[in-house]
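**Q** Whenever a hint applies, use it, and build me the whole structure from the sequences.
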Amino acid sequence: MHPQTTGRWTPAALSADLAASTAMPASLATKTIALWRSASGRLTASDDRCPHRGMRLSHGFVRGEALSCIYHGWRYGQDGQCLRIPAHPDLTPPKTIRVETYPVIEQDGIIWIASGEDAGTPPPLNGLMPLRSLSVSAGIAAIELATEAKADADGLLKPSDDAFCLLLAPQGEAATLIHVLVSADATPPQRIAVSRQAETLRRKAEAASNQGAGS
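Numbered by UniProt numbering, the letters in the sequence shown go through residues 1 to 215 in order.
A portion of the hints provided could be inaccurate.
No more than 25 angstroms apart at the CA atoms, straight line, and that leaves these computed lysine-lysine pairs for DSS-like [unchecked claim]:
1. 95 to 31
2. 204 to 158
3. 204 to 150
In case anyone wonders, no lab produced these hints; they're calculated from the structure.
Just so it is clear, the structure is predicted and the values come from calculations on it, not from any experiment.
**A** This is the structure:
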């Protein structure tokens, strides 16, 4: 979200991008997160490193209501606790073997992750719906320069063309994940036009960043 203005919620991914029984990487500020959806549809966000050998858990596979590391198959529950070590099938893993988990909420077609407890609720999108996400090699300042608009306290940026909005999630100093939002009643031609406009804005923001603008 917009730095120091939005509490601790980050719009990490679109709901449509994470099917049941799948895992994916996501970012929380400068940290990589393993985001996964169980077979029943429940979401979990955890640190992306298996405590055993450091393999990324976002590369793992989901079976039922647990996530298994792709390397040696250590299995973790939705509370982050290790449930099974295949090399020692009769062992009950000690409580010390676990990965940190984070609050996660699915709202308005967006998956939000919080970096701490008591973060409240994510901001409502008020009739907007996600169209697509774009990874931009530019910081928020360069994006604001390219759009000639400012992000508000919720990380929402409305370009001068009011056909769509952008929801910004910083991915470090020079990278931003943009979720493109449109009105829920937008027609297919309008959605196509907005997608093309967003691509143009991405190129402008990256060019501005390369030229040192907005830094």
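**Q** Against each hint, give a clear statement of whether it holds in the structure.
**A** Here is how each hint holds up against the structure:
1. 95 to 31: Holds. Residue 95 to residue 31 sits at ~24 angstroms (cutoff 25 angstroms).
2. 204 to 158: holds (16 angstroms)
3. 204 to 150: Holds, at roughly 15 angstroms.
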